[in-house]
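> We have chain A already, so just place chain B on it with the hints.
Top to bottom, those sequences are chains A and B. Counting along the first sequence from 1, when you hit position 19 you're at 19 in UniProt numbering, and nothing is skipped either side. Counting along the second sequence from 1, when you hit position 65 you're at 65 in UniProt numbering, and nothing is skipped either side.
It should be emphasised that the hints constitute simulated quantities derived from the structure, not laboratory data. Everything hinted at is true.
Quick list of simulated restraints, FRET-style, between CB atoms:
id, chain 1, residue 1, chain 2, residue 2, range
1, B, A163, A, D43, 37 to 45 Å
2, B, W187, A, R211, 25 to 33 Å
3, B, S52, A, W187, 30 to 38 Å
4, A, R211, B, D70, 52 to 60 Å
5, A, A24, B, D85, 51 to 59 Å
6, A, S71, B, D100, 52 to 60 Å
7, B, R138, A, D194, 21 to 29 Å
8, A, T142, B, A135, 25 to 33 Å
9, B, S52, A, A150, 45 to 53 Å
10, B, G159, A, R158, 33 to 41 Å
11, A, P93, B, R53, 47 to 55 Å
12, B, A56, A, R211, 55 to 63 Å
13, B, R28, A, P93, 53 to 61 Å
Covered stretches of chain A, going by a simulated chain B footprint (3 or more residues, C-beta under 8 Å):
id, stretch
14, 133-147
15, 179-186
These figures come from a predicted structure and were not determined experimentally. For glycine and all other residues, C-beta sits at the position ideal for the given N, C-alpha and C.
There are 2 protein chains.
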Amino acid sequence: MSDGAADGDRSPLAARPDKTPKTARGRRTLRALLDAAAGEFGDRGFHEAAISRITARAGVSIGSFYTYFDSKEEVFTALVRDLSDRVGEVVGPAVAGERDGLSAERAGQRRYLEFVRHHKEIYRIIDEAEFVDPASYRAHYTGTAARIAARLEASAARGEISAGSAEVRAWALMGMNVFLGLRYGVWGGAEDLDAVTGVAGDLISHGLAPRSPSER
Amino acid sequence: MSDGAADGDRSPLAARPDKTPKTARGRRTLRALLDAAAGEFGDRGFHEAAISRITARAGVSIGSFYTYFDSKEEVFTALVRDLSDRVGEVVGPAVAGERDGLSAERAGQRRYLEFVRHHKEIYRIIDEAEFVDPASYRAHYTGTAARIAARLEASAARGEISAGSAEVRAWALMGMNVFLGLRYGVWGGAEDLDAVTGVAGDLISHGLAPRSPSER
Chain A
1 MSDGAADGDR
11 SPLAARPDKT
21 PKTARGRRTL
31 RALLDAAAGE
41 FGDRGFHEAA
51 ISRITARAGV
61 SIGSFYTYFD
71 SKEEVFTALV
81 RDLSDRVGEV
91 VGPAVAGERD
101 GLSAERAGQR
111 RYLEFVRHHK
121 EIYRIIDEAE
131 FVDPASYRAH
141 YTGTAARIAA
151 RLEASAARGE
161 ISAGSAEVRA
171 WALMGMNVFL
181 GLRYGVWGGA
191 EDLDAVTGVA
201 GDLISHGLAP
211 RSPSER
Chain B
1 MSDGAADGDR
11 SPLAARPDKT
21 PKTARGRRTL
31 RALLDAAAGE
41 FGDRGFHEAA
51 ISRITARAGV
61 SIGSFYTYFD
71 SKEEVFTALV
81 RDLSDRVGEV
91 VGPAVAGERD
101 GLSAERAGQR
111 RYLEFVRHHK
121 EIYRIIDEAE
131 FVDPASYRAH
141 YTGTAARIAA
151 RLEASAARGE
161 ISAGSAEVRA
171 WALMGMNVFL
181 GLRYGVWGGA
191 EDLDAVTGVA
201 GDLISHGLAP
211 RSPSER
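In isolation and in its complexed conformation, chain A is listed as follows (with noise of 0.2 Å):
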């Protein structure tokens, strides 16, 4: 990832919880690994990458991959659950500072988009795990919607939008979401985010809106 540096301050997660580093330092070399290995998995793929190109590019030694990894099927696990969950602190903080749920849902899909022209390896890992870790691919997707439909669910409580089923409406907007961020942010990169957002987020702020008793 070409700012991992910027997110020193995360407490990355390990493999399994015996291994989550103690100290600082630890939470640096693993966190330097996870990058890491976003830049090997994102360029090889899982079959061609190597653990000793991983250290190679983290700048550590092979006994401190082995300190939180046992082989490269756990390390690439670890990576989709950092990136699923980069995509939620990514998408979170934009979603949170809008005035209600539509605005909130339009702010998430720019921040998404604008976090995918700068991580375009995202896609080639998340999509590669659904045939190296189906099970992480599924959790990715799940987890996902699960955080979008419960922000509907307390957006259509509060009135901001109109009834309906939080977790379709979920599938939809993240289907949505992800190939948008497919044309525009991995294939494309020269068109204007501003007039993709705009038309894409009409389509979810007239598509959520409360309606008038007479549209019911």
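Relative to chain A, chain B alone:
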């Protein structure tokens, strides 16, 4: 594909124009090979799939395989194009039978989700194309988005939906449908599709409906 026999009348496309079958019997053989390939790649994935098992599933000789394809890579590429065409052929009539653009997108979504429930293998095959055959992966989504965008442009020209970038909306709707298909088609199966498409369809209808002057 479990209902491959029902497609006996389609003219399947060979990997190369010079390999296009010239007889009805040849078309049936090619169709059987593509349906068998869908089963084999869907069950075992690209790397574990074997040409000998594709021909055994199809009930044809190895020689027949090489009449139409030079390699496992070539049949995979032909299959992804075949599945992509098939999605269009399945959704097309559902969309065409509707009275306006909004009903058409709702009907297309419903038909797509029903189709996915009976053809779960499509997801694994298309998703694996990202790694095995990236050009086909991209062609599938850009082609599908182009079909949706063309419908939306026509609907907007008739005043049945509000104005807005057909491309952005097409990627948004496609992503919505793909993820609802993953959740309620591939992973689920017990959920009431009427309930799912009721909620998701309302999101589409309200999201795209013509705006009253005060909403513009």
